[in-house]
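Visitor: The chain contents come next:
2 protein chains.
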Amino acid sequence: MAKTVAITFVDPAGGRIIATKVVPQGSMVLDAALEAGIEVAATCGRRGRCRSCRVKAISGEIAPPTLQDTLQLGQDAVHERFRLSCQMPAVADCSIAAMPPKSEAGHQILSDMGVFSAGEHEIDSGVRKFYIHAKAPQDENHQTSDIEEILSCLPPETSREQTLDVLRRLPTILRAELGRITVTTFRNQIIDIEPGDTSERIYGMAFDVGTTSVVGSLVDLRTGEQLASVSAVNPQAIYGGDLMSRIAYAQFDAKKLQTLRARILNQLNEFIDTATEQASVLPEHIYKVVIVGNTCMHHICLGIDTSYVGLAPYAPVVRDPVVVPASELPIKRAPNARVCFLPIVAGFVGADTIAGIIATRIHESEGIRLLVDIGTNGEVVLGSKDRLLVCSAPAGPTFEGGQVKHGMRGAVGAIEKVAIDDDVHCQVIGDVPAIGICGSGLIDAAAKMLDAGVIDPAGRLWRQAVGPLPEKLSARIIKDDGGRAFVLVPRDESGRDEAVLLTQNDIRQLQLAKAAIYGGVMMLQQVLGVPDESIEEVMMSGGFGNYVNIESAVAIRLLPPLPLERINYVGNAALLGAQLALISETERSRAFNIARRIEHVALATRMEFQDIFVDACRFSKPGRRRVVAEEQTANAASTA
Amino acid sequence: MAKTVAITFVDPAGGRIIATKVVPQGSMVLDAALEAGIEVAATCGRRGRCRSCRVKAISGEIAPPTLQDTLQLGQDAVHERFRLSCQMPAVADCSIAAMPPKSEAGHQILSDMGVFSAGEHEIDSGVRKFYIHAKAPQDENHQTSDIEEILSCLPPETSREQTLDVLRRLPTILRAELGRITVTTFRNQIIDIEPGDTSERIYGMAFDVGTTSVVGSLVDLRTGEQLASVSAVNPQAIYGGDLMSRIAYAQFDAKKLQTLRARILNQLNEFIDTATEQASVLPEHIYKVVIVGNTCMHHICLGIDTSYVGLAPYAPVVRDPVVVPASELPIKRAPNARVCFLPIVAGFVGADTIAGIIATRIHESEGIRLLVDIGTNGEVVLGSKDRLLVCSAPAGPTFEGGQVKHGMRGAVGAIEKVAIDDDVHCQVIGDVPAIGICGSGLIDAAAKMLDAGVIDPAGRLWRQAVGPLPEKLSARIIKDDGGRAFVLVPRDESGRDEAVLLTQNDIRQLQLAKAAIYGGVMMLQQVLGVPDESIEEVMMSGGFGNYVNIESAVAIRLLPPLPLERINYVGNAALLGAQLALISETERSRAFNIARRIEHVALATRMEFQDIFVDACRFSKPGRRRVVAEEQTANAASTA
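Line order of the protein sequences matches chains A and B.
Under our numbering, the letters of the first sequence match residues 33 to 672, in that order.
Under our numbering, the letters of the second sequence match residues 33 to 672, in that order.
Only chain A is shown next, with the shape it has when bound in the complex (with noise of 0.2 Å):
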């Protein structure tokens, strides 16, 4: 028979007992403290390549340290007897001290862009809502059903098609009221009735469900006026911070597919009851929901297997757009509302792509314009109405604070903004001790040290063989578990009891990062055969993409040399392009189109992308000022 052993979890803070799980010898920690409901974050997906899961063994024997272990915490955590959880089998009764997920307050994810409204878009959301008197039939002779009296109250081009819903529900509310009853249709289809008036109550709800953060957005149907709007981290994350290792989870396994469902599902449902609630309008009179997202966050949410979007050529099961009954799906807490989800491209450029291209209006566009989404699977789009191209740009979860010795998210304590004279001045979220650096510090952080001279255009911290550097500057750079480092805030001015630092292999994460982006833009420039002077408009998407410093990205080269002015930040397209799509049918068959239309470029297949590639790994460009300052010549001489 297996021995089983018992771990105890413990609070770290107080020591306070979590959870015990019986388990049999050699299960996996991690696994232990999911199954006991400890929401341990498995960022990398397992492979032992971050340190999200990490634990402390408090008391019982523990296995030796592995070389993931060694690598990702040191020598000298390891001997503290801290362990990644995903690399650690439980051989003893154990006492271990978990750490679940910082608090969530304050993370910053772009939930819309506050403004939305309809605008000049005109409202055919495809919903109609019909108050109507019909009678229950009267005549014995001539005989009727309670359906038929409700269709002869109807326009004609009403499907005379009932799903088993309407009919189940009808009998009872055709004579609860006399009569008097409102029809809700959605492309002449009846999904609802009910007794009396409620025809001036249609609502919808857009959701763009990323890799990271989910967000939402309730609005009123007939004006197209956002009610409210929601947000949050995917709780799929625990399962791995990027896509490749969610796949990698629930590949060829359904019934961890079903748990990745599951959680996306049930926070749709939350969303949906925090923003009725707020708006103070009824869940039942939701009648349409728009879902954008990436191909795998598409799939896990039908319940079609990801397995082969994750293996090449990922290949996406279906790309048409899909609209299936809320019921089916499900989603319990929108009873009555058809989910229509927008078309897909490829494995990796998902609906998302398509909405923040409806968004931004490219397909329609004069000129030359690039859209950029910064996200954990970014994706990059370049053309205008005569030719769209697309990639996927996987900058991996660097960004989000992923892969990085002190990287967060952009919570409270992450270093937002750096600025370096003879010395490093960090502004922190929430104005407290720093605790680590978010994406959007990490990408300030390097164009100033840049700037500074303490790195070098190919990404090298300053040795002393390359020159002077300020006194103060220098003597930040320190080792660090065998590598270089550079502290950004000193121990004792830190929020945690060690100083925070950027060490060389954090830059490295980010110029691979940075590089994903960059090099696919490169990519489809060459393709399209486009110089960076022929592009009218860089717009910059997705949550991230807010806080970002234009400036420092395009010094590090996360974004082509233009002039700031042609950079814009444009919100949370994906978003805007599900609310577009909610209130109008004629958009959302707009994405049809344009998914068929738009050319996909997969880097990997391309032999030139692999230079393009080591190049836009680099931080400049030799050259880069002198085409900048030229166009500025050109476009003073065109103005003249």
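A hint or two may mislead.
Which copy? The list can't say, so a pair holds if one copy fits it or any two copies do.
Said to hold, decoys possible - Derived DSSO-like pairs (lysine-lysine); straight-line CA-CA distance at most 27 Å:
id, residue 1, residue 2
1, 88, 364
2, 364, 288
3, 287, 364
4, 504, 35
5, 35, 511
6, 287, 653
7, 88, 35
If you're looking for bench data, these hints aren't it; they were derived computationally from the structure.
With the hints as your guide, set chain B onto chain A.
Guide: For chain B alone, coordinates are given in the frame of chain A:
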């Protein structure tokens, strides 16, 4: 606190304890029995109008007999502590001998014509199978999706909108046998995908769900050949023998409606198991199911409230054809099937009637024809291609043996034929001593008793005052429970411990039952203005019709007075029609046209019907023989 009592149910034969049930004092013993899983029949719907639910108290205190107990069971039985369990509150702990319905072995249900085959009908079931060789997507640049690869191998009319079920199964199946896949479509919608070649396995099932009996037929949809047939008593019968009882049982009570629905759907699932096993085919290869039945059975199968079908003007909730995925109904044993319900005409004229019309082709007939379905809830159709009339003709359970003292279904021990010369000679199903009389026996007995003068045209049993009667016959007229009765089989020859009787009341029941049908026939003749002699053919359908002696049926005025060669038994026309709609979408759409065209005559709303009904109750009419004779003369003249 309410007092509880324990009821112990014992086997009336062996005294073995079957079950013990603790219930609140005052609960009805019938309910306790049903809850304990003992299927005591309640043919009259708990109204104390029949004897089907009788039990015997073996020990313990019981309530005094009700008026119904005494009327139905007689003084003697009540003294022996027999009771109607539907009228019997449990007052104290007791032991009850419960009599579940007699074994139905040998019960005659006409499940099919035995000879059904597509014949001249063209096969266009709407189901198509395609064995294709699809490739999983290969090119990372020009992305497609799994479903697009499948669609590229299918006819262009195939719908691009897929069910979640198909999308969820697709990725694994596409890659299982290197893309060698069989795709099944119904009306151009993909409904199944399988690995390998199964293109020759296309099956369907037709069901006729009657109030009393349920029959089914498994058909090969490539050839139209019937592969297996199944039949059973409708398992809802314990909640009432006739429709009104079942409607009353579930009226305004969703849970009880659900009980009825679960019973019938379980039965259909069992049928699918039995039939597919008999024919050695997989239930997964059933792709189309056609269900016909009266309005009540139709609604119950679909889970639609029947409350108002039971109240004037008896309006259905829906009359249009309904098509639903089997999984939605659910009929779980045929997970891939689409279930088609034929249309309905009125609350008491259901899809079974439409199916009967399709099968008998009255709607295309040049001359006037009459279709009579003799069932618990019969229907009458009269007309031709020019005009079609229909009415409901509820005979009640009499022909099934209900509400008749020694009535029983057509099982072993039932008198099915009667001959009378100077004495009575009974033919018994299974050639055993008689234990009761079935519907066909009842009709035959009445006809022969009428002919012999044992009853008069008004249905009165012979009395001394009327005139002489052969001694052996007059000796058979006895007193019984305050009324009079005719001994069909004396006690010493019978299979029960008493004589098998036909009481005066039984004859009255027969008159009411046959008048319901013949009154309907006369009413439709009057509305259409058609004298008897203009009816070219009388078609008798329904399971029961097969066993009826047509001559006797005419003799007692159950059918119109026409030459016998014009009267035909056409089998279970409802099932045949369902089979035709199964193999032919043309027939299925024809059903809709017929349903829209046919005129419903509501007997209860017609002033003149009262007189017609009184007339129809009589066994013979002065001048009847004369009419027939005249007609024969006319025929002879026209032939000459």
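Visitor: Work down the list of hints and note, for each, if the structure agrees.
Guide: Cross-check of the supplied hints:
1. Taking the shortest alpha-carbon separations for residue 88 and residue 364, neither the intra-copy value of 40 Å nor the inter-copy value of 50 Å comes in at or below 27 Å.
2. Taking CA atoms no more than 27 Å apart as the test, residue 364 paired with residue 288 passes in both settings, with 21 Å inside one copy and 25 Å between copies.
3. Taking the closest pair of Cα atoms, residue 287 and residue 364 come within 27 Å of each other both inside a single copy (20 Å) and across two copies (21 Å).
4. In this assembly of identical chains, residue 504 and residue 35 lie within 27 Å of each other by CA distance neither inside one copy nor across copies; the values are 57 Å within and 89 Å between.
5. Taking CA atoms no more than 27 Å apart as the test, residue 35 paired with residue 511 passes in neither setting, with 44 Å inside one copy and 83 Å between copies.
6. In this assembly of identical chains, residue 287 and residue 653 lie within 27 Å of each other by CA distance neither inside one copy nor across copies; the values are 49 Å within and 75 Å between.
7. For a Cα distance limit of 27 Å, the shortest separation of residue 88 from residue 35 inside one copy, 23 Å, qualifies, whereas the shortest one across copies, 60 Å, does not.
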